[in-house]
Amino acid sequence: MDITKLKIREMRKLLDNKEISSLELTQIYIDRIKKYDGKLESYITVTEEIALNEAEKAQDIINSGKAGELCGIPLAIKDNICTDGVKTTCASKMLEDFVPPYDATVMEKLNAENIVMLGKTSMDEFAMGGSTQTSAFAKTKNPYDINRVPGGSSGGSASCVSASLCAAALGSDTGGSIRQPAAFCGVTGLKPTYGRVSRYGLVAFASSFDQIGPIAKDAHDCAIILNAIAGYDRHDGTASKLPAADYTSKINMSMDGVKIALPKEFYGEGIDREIADAVMKAAEEYEKMGAVLVECSMPSLKYAVPAYYLISSAEASSNLSRYDGIKYGHRSESGDDFNQLICNSRSEGFGSEVKRRILLGNYALSSGYYDAYYGKALALRQRISAEYDSIFENCDMILTPTTPSAAYGVNENISDPVKMYKADICTVTANIASLPAISTTCGYNADGMPIGMSLVGKKFDEASIIGAADAFERSFEYKAPELI
Amino acid sequence: MDLEMVSYLSKLGKLSFTDEELQKTAEEMTGIIEIMDTVKEIDVVYDAFADNKNVYLNDLREDASEASMATGKILQNAENSENCFVVPKVVE
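Residue numbers (numbering that gives the first Met the number 0), protein chains in the order written: chain A, 0 to 483; chain B, 0 to 91.
Isolated chain A, as found in the complex (with noise of 0.2 Å):
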């Protein structure tokens, strides 16, 4: 039996049956990462004496039966998520040797739970992208095929749970950053509602959209990790009061009679013919379990990208502002007054698609562009949250394809930022209404890679979308990446 391949709550009954110890499960996947991650590159940093040193003190919980869920469980965690004395790079050299002086709340939780840290994970630099091809050290591939971009930007996440690098792992979703990648690597990602986890610790780029959730093998593991990281943080204004559910309570649900629209533009134009008739399969199984499917329409969706990147791109440009390699971060040799030293130091420290962004939200926000941009793209939030408010009248959840195609070549559209932006279709609207949204895989294209669906829910209803999800992972027939 290769354990890798478990699930986590397979893992959690091995571990309290002292089946093996979490020292042991530990050593497997450094072992693994040794093995693998050279050619995969899904790691920035690997935390081997962190990892062992968390798995013995796990052991003695253990010992003690007194294991939550996540107790021993090794997972690895997106790079721009703050952990205490561990470099936090952005995948960026702005923050090439950045060590955070705190944790972000999600890892004080997750240490709470006891987890073992593996590493910290690759990503888009500052989550700006889609393929993880940006990322100034570690341009990770996808374990279906290495030729290929494993998506981004919590690429490096979704290819270490793909390739069992890690039991499941930690991503962050501004426009997609979670869902894509999970789509092109064969797993299952959740970006909660807004709100839902705190943000406090999690590096911002687009701090209206930004979203920490989990990347894992199925719905049932993203509901466990979803248990421990979600509630109200006093340090983040904008996380919800609301308390936590359960998030496994509609796992093993019946889908008989659930509610399930299927926006008519999210599967015409601009969307790979597979991936399409792959999604609507799904759908005729959900059927089949005795789900009603609803048609509707969205007709705002196709200026749902522009609004995306003119206010993501304005929040970053503001946030980014404070990178001025004088407190912290990337520091020019030269530099002969104020202004030149952070100018050298930014125009050093920023890869070109972060400055592309910068540009772009100057640009939104400049006087004279204002109202006809950045006050356009808002108008067109709060209309596309009308939308999405209006077809959950008549349903309980939105099934859409993930991706409008599977992933492609590590030297294909990387130098096209036009090309990178549309591909975004599919994920942004989850982002711009605040909804949760999951996505599972749902098929495999002719070149055999994955193709995923999402589920998306209304506020705060993460438990039925997992349920969904579940039921579908169920029956469909899963195919691991065989690695080199």
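These are calculated hints, taken from the structure and not from any lab test.
Predicted model only: the values in this text are computed from it and were never measured.
Straight-line alpha carbon distances no greater than 25 Å define the calculated DSS-like cross-link-like pairs of lysine-lysine that follow:
hint : chain 1 : residue 1 : chain 2 : residue 2
1    : B       : K23       : A       : K421
2    : B       : K72       : A       : K326
3    : B       : K13       : A       : K92
4    : B       : K39       : A       : K421
5    : B       : K10       : A       : K326
6    : A       : K38       : A       : K138
7    : B       : K52       : A       : K240
8    : B       : K23       : A       : K92
9    : A       : K458      : B       : K52
10   : A       : K457      : B       : K52
11   : B       : K39       : A       : K263
12   : B       : K39       : A       : K418
13   : A       : K418      : B       : K23
14   : B       : K72       : A       : K86
15   : A       : K457      : A       : K240
16   : A       : K301      : B       : K39
17   : B       : K13       : A       : K326
18   : A       : K138      : B       : K23
19   : B       : K88       : A       : K326
Where chain A lies over chain B, by a calculated footprint (3+ residues, C-beta under 8 Å):
hint : segment
20   : 7-19
21   : 23-37
22   : 40-52
Simulated DEER-style distance windows between Cβ atoms:
hint : chain 1 : residue 1 : chain 2 : residue 2 : range
23   : A       : K326      : B       : I41       : 41 to 51 Å
24   : B       : N51       : A       : K6        : 36 to 46 Å
25   : A       : P242      : B       : D62       : 19 to 29 Å
26   : A       : S253      : B       : G71       : 49 to 59 Å
27   : B       : D50       : A       : S365      : 14 to 24 Å
28   : B       : E19       : A       : E55       : 48 to 58 Å
29   : A       : R272      : B       : G71       : 52 to 62 Å
30   : A       : E47       : B       : E40       : 48 to 58 Å
For each residue, glycine too, the CB sits at the ideal point set by N, CA and C.
Given chain A's structure and the hints, the job is docking chain B onto it.
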């Protein structure tokens, strides 16, 4: 987007480009702005009240003192610390 606008935006963002980079960036930004321009097609108006009606300005956490972070920890990322942030001399 013309070179003048890219230069202006770069100045706002405290970024610098070589002439060659500036040319390439202008071309890329032209393509990006073309997509952004599609928002001009639709007639919608932002309702600030609708976005802010659930913001309660009195919903603040208690104003109580708490233990501060250790100075050494905060300074661990400063390049040259003598119990303070040491920066290059930039005042002329």
